[in-house]
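Asker: Letter by letter, the chains look like this.
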Amino acid sequence: MLRASWKPQAAILNSPMLTVGSRTRIACFGGVYNNYLALEVAIYDAKSRGVDGLYCLGDMGAFGPHPDRVFPLLLENNVTCVQGNYDDSIGNELDNCQCGYTDPRDNYFAQISYDYTLANTSVENRRFLRELPKEIRFELGPLNVLLCHGSPRKTNEFLWESTTSTHFLSSLAREYAADAIVTTHTGIKWRRDLPDSRHFVNVGVLGRPENDGQTNVWYTILGHSNDAGFHAEFIPIQYDHQRLAKEMQSERLPSEFVETVKAGWWTTCLEILPSKERRRGKY
Amino acid sequence: MSRSRSPSIELSHLDHLWFQISGTLCNLTCHHCFISCSPKNDSFGYLSLLDVKEKLEESVVLGVKEYYFTGGEPFLNRDMVPILVETLRYGPATVLTNGTVLKDEWLETLREAEHGSVYSLEFRVSIDGFSTVTNDPIRGEGTFDRAMEGVVNLVEFGFLPIITAARTWPDEDDQHVVGQFVKTLREAGYERPRLKLLPTLKLGAEEQRTSGYVAGERITHEMMDDFDHSQLVCEHSRIVTDRGVHVCPILIESPDSLLGQTLHESTTPFEMKHGACFTCYQYGAICSNASSLVETTSRNS
Chain A
7 MLRASWKPQA
17 AILNSPMLTV
27 GSRTRIACFG
37 GVYNNYLALE
47 VAIYDAKSRG
57 VDGLYCLGDM
67 GAFGPHPDRV
77 FPLLLENNVT
87 CVQGNYDDSI
97 GNELDNCQCG
107 YTDPRDNYFA
117 QISYDYTLAN
127 TSVENRRFLR
137 ELPKEIRFEL
147 GPLNVLLCHG
157 SPRKTNEFLW
167 ESTTSTHFLS
177 SLAREYAADA
187 IVTTHTGIKW
197 RRDLPDSRHF
207 VNVGVLGRPE
217 NDGQTNVWYT
227 ILGHSNDAGF
237 HAEFIPIQYD
247 HQRLAKEMQS
257 ERLPSEFVET
267 VKAGWWTTCL
277 EILPSKERRR
287 GKY
Chain B
329 MSRSRSPSIE
339 LSHLDHLWFQ
349 ISGTLCNLTC
359 HHCFISCSPK
369 NDSFGYLSLL
379 DVKEKLEESV
389 VLGVKEYYFT
399 GGEPFLNRDM
409 VPILVETLRY
419 GPATVLTNGT
429 VLKDEWLETL
439 REAEHGSVYS
449 LEFRVSIDGF
459 STVTNDPIRG
469 EGTFDRAMEG
479 VVNLVEFGFL
489 PIITAARTWP
499 DEDDQHVVGQ
509 FVKTLREAGY
519 ERPRLKLLPT
529 LKLGAEEQRT
539 SGYVAGERIT
549 HEMMDDFDHS
559 QLVCEHSRIV
569 TDRGVHVCPI
579 LIESPDSLLG
589 QTLHESTTPF
599 EMKHGACFTC
609 YQYGAICSNA
619 SSLVETTSRN
629 S
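As they're listed, the protein sequences go chains A and B.
Just so we're aligned: the first sequence equals residues 7 to 289 in this note's numbering.
Just so we're aligned: the second sequence equals residues 329 to 629 in this note's numbering.
The following block holds chain A by itself, in its conformation from the complex (with noise of 0.2 Å):
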């Protein structure tokens, strides 16, 4: 049952940096842009597998209907949260999502979201976001672990696969002291392996396909065992996708939005993709 209101947890509150415990096999969830069943698909799927820690690395609102609903599925199931340029803009009602596109129609599009999700996001919620904070570390086993949204160094840098080599990988690791990196935000996953034992993750998001003309939507179990290492497993989650596209349509969302939930093709936000994840795409 969705509760209405709540109040955000004390652990998170005005901190910058959050440190947890250990862990062994956590579920990671990118950016939610307010796709609230996908979300509920998800968290029943990880607990399903057997983790010991929830995780969301940023961008509830954006793009879906109904932002409020994804609130108490957090706060219900204990999902520890970061902030993304997103959940930064509408805690502090801002003018624009701090996306980083930088092509006007992408920008305009990104604005219809940002507007309806600022106008339909409570004052209690938009605290919660406001006062997540920008990274979570923890161990994973003997890795030092990172959570953040774009990058460590910019909440909304967008770190595509094919535009990042690996020796800045290797710096950003190096220089923020982790072993592996976890990050979200270009709405695409990935993973690399790195020189000494390090690693970098993009968990994908939950929000909307990953623009290879499937439905579903993507998160990732990390973990870490002696046998085998450091492991990121990435989870596709089917979820009542028509059900989504309803509500949009309901909301009065862009007809462009519904149909990439429907289709599984990007429809906006395509000028900041690098060529060889364009071509993966249909538009």
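Source of the hints: derived by calculation from the structure; they are not laboratory data.
Yeah, the Cβ is synthetic: ideal placement off N, Cα and C, and Gly gets one too.
One thing to keep in mind: the hints can contain errors.
Derived lysine-lysine pairs resembling BS3-like cross-links, with alpha carbons at most 25 Å apart [to be verified]:
1) A:Lys-268 x A:Lys-252
2) B:Lys-524 x A:Lys-288
3) B:Lys-524 x A:Lys-160
4) B:Lys-381 x B:Lys-431
5) B:Lys-431 x B:Lys-530
6) B:Lys-524 x B:Lys-511
7) A:Lys-288 x B:Lys-511
8) B:Lys-368 x B:Lys-530
9) A:Lys-268 x A:Lys-288
What follows is a set of in silico ranges between Cβ atoms, one per label pair, in the way DEER data are often shown [to be verified]:
10) A:Ser-261 x B:Lys-601: 47 to 57 Å
11) A:Ser-261 x B:Arg-406: 47 to 57 Å
12) B:Arg-571 x A:Pro-242: 50 to 60 Å
On the provided structure of chain A, position chain B as indicated by the hints.
Answerer: Just chain B, lined up with the frame of chain A:
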């Protein structure tokens, strides 16, 4: 204590490493070129594959994120294809070309190299108008058709070139010009064109074509307050020429832009006292790949 006349900027991290790969040699003589490239301008020379390899290796330690190649016309350099193939072993590569000298065998090799790499190979093709009428007076007779042929060829080889146009028209015409650009490119067979608009830089040939910078067009200390420094190229980039390592691709002809011979020597702060610094400040991120298409609400318009 009085402040210096212009603010300095620190290199936060060397994200983008540029190579002036063909020096100032170009098969075209564009009237707006900010370093006056031409077939006869050899004030900067070619970089060899060995030169590039040396800097690529040095760049690993510094954690460079992306590599860019410019000129002149990069593909006049006979090492250009092997240089790009080698670079894709290190990271993503972008090459800025006028699109008029590309050969099928080169594109075949580069397609295979990109296919075998995790990294993107981006082509930025300069075209300064959507027709011969608008482009050719700037870039030279026949260059529009030749560049469009290059674009179509790139698309046929599976690339998605970023068409780069210097804004030689009034700002209020942007919408019309970009719309016409997109229409022209689609009619030529480029179904999902990517387009980047650049400001002109009042240096080199452009200084003669229009005007140079006036004294007031400079960055001041006050302007840097609350400004996102990452919008400035010199905050995250350096460029290698046959003379050494310079602060940015725009200022290589200014003596103070030469910072050292190695990348390590060239991480020093830079005083932003040039008119071009003001343009970079005004428009932001002018050298990166972020594209800008057209302000419209329909994908297919």
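Asker: Which numbered hints are broken by the structure, listed smallest first?
Answerer: Violated hint: only 5; rest satisfied.
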